[in-house]
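Whenever a hint applies, use it, and build me the whole structure from the sequences.
The chain contents come next:
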Amino acid sequence: MERLELKHIFSWLHDLLVSTGLGEPWLSVVTYLMLGAMMFGALSVIALFLVWWERKISAHVQQRFGPMRNGWHGWYQTIMDAIKLLQKEDVRVTNRDKFVFFWAPVICFVAAFLAYIVIPFGDGLIVADFNIGILYIMAVTTFTIISLLMAGWGSNNKYALLGGMRSAAQMVSYEIPMVASILVVIVYSGSLSMVDIVESQSGMIFNWFIFKLPFGPIAFITYIIAATAEANRVPFDLPEAEHELVAGFNIEYSGMKFAMFFLAEFVNMFTVSAIAVTLFFGGWNGWLLPSWLWFLGKTLLVVLLLMLFRWSYPRLRVDQLMEFAWKFLVPLTFANLLVGAAFKYLGWYW
Amino acid sequence: MGDLRTEEFVVNMGPVHPSTHGVCRLMLTMNGEQIVDAEPVIGYLHRAIEKICENRTYPQCIPMMDRFEYVTAMSTNELFCLATERLAEVEVPERAEYIRVIMLELNRIASHLIFYGTTAMDCGALTPFLWGLRERELIIDLFEETCGQRLTYNYFRIGGVANDLPIDFVPKCRSALDVIEGKMSDYTGILNNNPIWLARLKGIGTAEADHALAWGVTGPVLRACGVAHDLRKDDPYSIYDRFDFEVPIAQEGDCYARYLVRLEEIRQSIKIVRQALDGLPEGETRTKIKANFKPPAGEIYTRIENSRGEMGIYIQSNGDKKPLRVKLRGGSYNQLQFLPEIVRGKGYLIADLVAIFATFDVILPEVDR
Numbered sequence: 013m014e015r016l017e018l019k020h021i022f023s024w025l026h027d028l029l030v031s032t033g034l035g036e037p038w039l040s041v042v043t044y045l046m047l048g049a050m051m052f053g054a055l056s057v058i059a060l061f062l063v064w065w066e067r068k069i070s071a072h073v074q075q076r077f078g079p080m081r082n083g084w085h086g087w088y089q090t091i092m093d094a095i096k097l098l099q100k101e102d103v104r105v106t107n108r109d110k111f112v113f114f115w116a117p118v119i120c121f122v123a124a125f126l127a128y129i130v131i132p133f134g135d136g137l138i139v140a141d142f143n144i145g146i147l148y149i150m151a152v153t154t155f156t157i158i159s160l161l162m163a164g165w166g167s168n169n170k171y172a173l174l175g176g177m178r179s180a181a182q183m184v185s186y187e188i189p190m191v192a193s194i195l196v197v198i199v200y201s202g203s204l205s206m207v208d209i210v211e212s213q214s215g216m217i218f219n220w221f222i223f224k225l226p227f228g229p230i231a232f233i234t235y236i237i238a239a240t241a242e243a244n245r246v247p248f249d250l251p252e253a254e255h256e257l258v259a260g261f262n263i264e265y266s267g268m269k270f271a272m273f274f275l276a277e278f279v280n281m282f283t284v285s286a287i288a289v290t291l292f293f294g295g296w297n298g299w300l301l302p303s304w305l306w307f308l309g310k311t312l313l314v315v316l317l318l319m320l321f322r323w324s325y326p327r328l329r330v331d332q333l334m335e336f337a338w339k340f341l342v343p344l345t346f347a348n349l350l351v352g353a354a355f356k357y358l359g360w361y362w
Numbered sequence: 198m199g200d201l202r203t204e205e206f207v208v209n210m211g212p213v214h215p216s217t218h219g220v221c222r223l224m225l226t227m228n229g230e231q232i233v234d235a236e237p238v239i240g241y242l243h244r245a246i247e248k249i250c251e252n253r254t255y256p257q258c259i260p261m262m263d264r265f266e267y268v269t270a271m272s273t274n275e276l277f278c279l280a281t282e283r284l285a286e287v288e289v290p291e292r293a294e295y296i297r298v299i300m301l302e303l304n305r306i307a308s309h310l311i312f313y314g315t316t317a318m319d320c321g322a323l324t325p326f327l328w329g330l331r332e333r334e335l336i337i338d339l340f341e342e343t344c345g346q347r348l349t350y351n352y353f354r355i356g357g358v359a360n361d362l363p364i365d366f367v368p369k370c371r372s373a374l375d376v377i378e379g380k381m382s383d384y385t386g387i388l389n390n391n392p393i394w395l396a397r398l399k400g401i402g403t404a405e406a407d408h409a410l411a412w413g414v415t416g417p418v419l420r421a422c423g424v425a426h427d428l429r430k431d432d433p434y435s436i437y438d439r440f441d442f443e444v445p446i447a448q449e450g451d452c453y454a455r456y457l458v459r460l461e462e463i464r465q466s467i468k469i470v471r472q473a474l475d476g477l478p479e480g481e482t483r484t485k486i487k488a489n490f491k492p493p494a495g496e497i498y499t500r501i502e503n504s505r506g507e508m509g510i511y512i513q514s515n516g517d518k519k520p521l522r523v524k525l526r527g528g529s530y531n532q533l534q535f536l537p538e539i540v541r542g543k544g545y546l547i548a549d550l551v552a553i554f555a556t557f558d559v560i561l562p563e564v565d566r
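Residue numbers (my numbering), protein chains in the order written: chain B, 13 to 362; chain A, 198 to 566.
A hint or two may mislead.
Facing chain A, according to a computed beta carbon distance under 7 Å, are these residues of chain B, among others [claimed, not checked]:
1) Lys19
2) His72
3) Phe223
4) Pro247
5) Pro326
6) Leu328
7) Arg329
8) Gln332
9) Met334
Restricting the straight-line Cα-Cα distance to at most 30 Å, the calculated cross-link-like pairs of lysine-lysine (BS3-like) are [as the list claims (entries may be wrong)]:
10) Lys543/A with Lys170/B
11) Lys468/A with Lys491/A
12) Lys248/A with Lys68/B
Just so you know, the hints here were simulated from the structure itself, not pulled from any lab data.
Where is the CB? At the ideal position from N, CA and C, for every residue including glycine.
In structure tokens, the structure reads:
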């Protein structure tokens, strides 16, 4: 079987369009648009699947059934929910900041999808292999902070503003340990490119960075903690702590705008898991099965971990959250990075 | 940088807020995120139960009592029936006393399971809530089989209970208790050693024993301060003096101590119900009272140990078929008044207040009546 690669799809699409007699520059525009639409469609399906999966997992943790009515174990429940949200009235508060209020969910949604340009779904299944791949991801995911702040500000609601401020403070704080954990991997792989990072882990399972004792496991644990905070999930779901803030930054949003925040949250969760797999679990590396299946399977396992966090932990208090980031995670990750880099410099690694 | 101008501001928490367990309004004076002072504003759930009782005959008052404290409606039933029986000197058959104790303790377990779930939920953990309600369901099913109701039971009567237990109540009750006892390790396992849970509850909302006594605080909140005050032991009513159980206490007086005391009380209640099921005698379940029931003129104050502390009733009778005056006392009322004392000036955050409120286990129908 020929390997599934994005460039094959690309050239097939290109040939198809050439046969219809389309010329440049429209040829490139249409090809890229269609590729973008494909990525968007695939990610939307993943996000919808994750919503369903989260509901099922939470249900089984809590000994419920979860959605059961629509199809086998309610498999198209979330599709119906999305259609319902599309049809809903878009309630807008009178005193909102119109421009900011409108663009906040859009930016949140787009920022969530931007990261997928450089995430390798499989061997060759990557939209663009930038040589600064991981740096690019860290940059674009930061857009989410702006959108949450915009949502908080634009809603002209004190709870929303508090939620937005909290999430900004939280995400900025946890960005630092997250980057410091990622740097350990970059030190050992010697490249920022996602493809290079995955290829440096090829071969046997002990080449995965999670098994680079002792730095890999520490970096993974700190990364997954910071990533949970980045994705605004329990135990770090302060921005939407319903018992203090009722709903947080998205309190005034309804209909499709709310759905955009909601889907972006799940896409973000998939993003941080995909990064974890790429950096620590050898990305698409595996045996027998196609590479994209390995990647997807590993990512879903990390997502499962995040979901189990959510359904078994209480929530931290806001000051404890900051204390944990600055007094524990930041020193730990920096120490890990420094010692790891020293070992790499001295050549004491395998 | 010049001096930053700061000022205290007032935030209304409630009356409709997810973590005020009903409709309680707390006026919080805030200094930034820190609470300077809290003032509960009550009365949003006032239904004039005491006044309505004055216009009803004694048996008709029992359904009103169900609404007084609907989380443990059996206790309210017991409270009113006990007071009236003492006033009119009505004897309660042995079997009815045992049935009452079984119901009261099952209801206490159900109430503490709700406490367990809501406290965890207020601290952000959703799963314990559903676990707690899952086992509560077993108890509620037993109640439903017995008296046909799931929340407002109206099961006790002056001189006994409304009807005998259903045929297979005893084995069903035993298996339900086994299930709950087995699940206790799950409850403690998911929360007790969780560092986040400890960070949220330990050392938060610490109450001193003298302070709590001065404010009339009773029940698990007082026992968590190290005072072994339990009316089932100190002023035994019904047949509680026949059972072997302990009064769990803790010394710390913080949120975590209150949580542990309540969990231990579930175990003790299971113990009591098992003993009551073992000793359940055969016989009548109700002493017949006259259709036109008129207790003699006089007054009485009766108190029982509810899951939220001392629950009391004062009945004044002028020998008529309706009470002249009924006054109720709920444990939650004193605890809600005590809340500002705990919070004032300690620099707690709103998230702490939510945890303190949850571990006080205040429910508002008992406060407002």
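Okay, the hints, checked on the actual structure:
The interface hint given for Lys19/B is violated, since its Cβ lies 45 Å from the closest Cβ of chain A, which is over the 7 Å cut-off. Nearest Cβ of chain A to the Cβ of His72/B: about 11 Å, over the 7 Å cut. The hint is violated. The interface hint given for Phe223/B is broken, as the beta carbon of that residue sits about 27 Å from the closest beta carbon of chain A, more than 7 Å. Taking 7 Å as the C-beta contact cut-off toward chain A, the hint placing Pro247/B at the interface holds, the least distance being around 5 Å.
The closest approach between the C-beta of Pro326/B and any C-beta of chain A is roughly 4 Å, which is under the 7 Å cut-off, so the hint is satisfied. Checking Leu328/B against chain A: minimum C-beta separation of about 6 Å stays under 7 Å; hint holds. Hint status for Arg329/B: holds, given a least beta-carbon distance of 4 Å to chain A, under 7 Å. Against a cut-off of 7 Å between C-beta atoms, the interface hint on Gln332/B holds, since the closest Cβ of chain A lies about 6 Å away.
Taking 7 Å as the C-beta cut-off, the interface hint given for Met334/B is violated, the closest approach to chain A being about 11 Å. This hinted pair checks out: Lys543/A and Lys170/B have alpha carbons roughly 25 Å apart, not beyond 30 Å. With a CA separation close to 38 Å, the supplied pair Lys468/A and Lys491/A exceeds the 30 Å bound. Pair hint Lys248/A plus Lys68/B does not hold up; C-alpha atoms about 49 Å apart against a cutoff of 30 Å.
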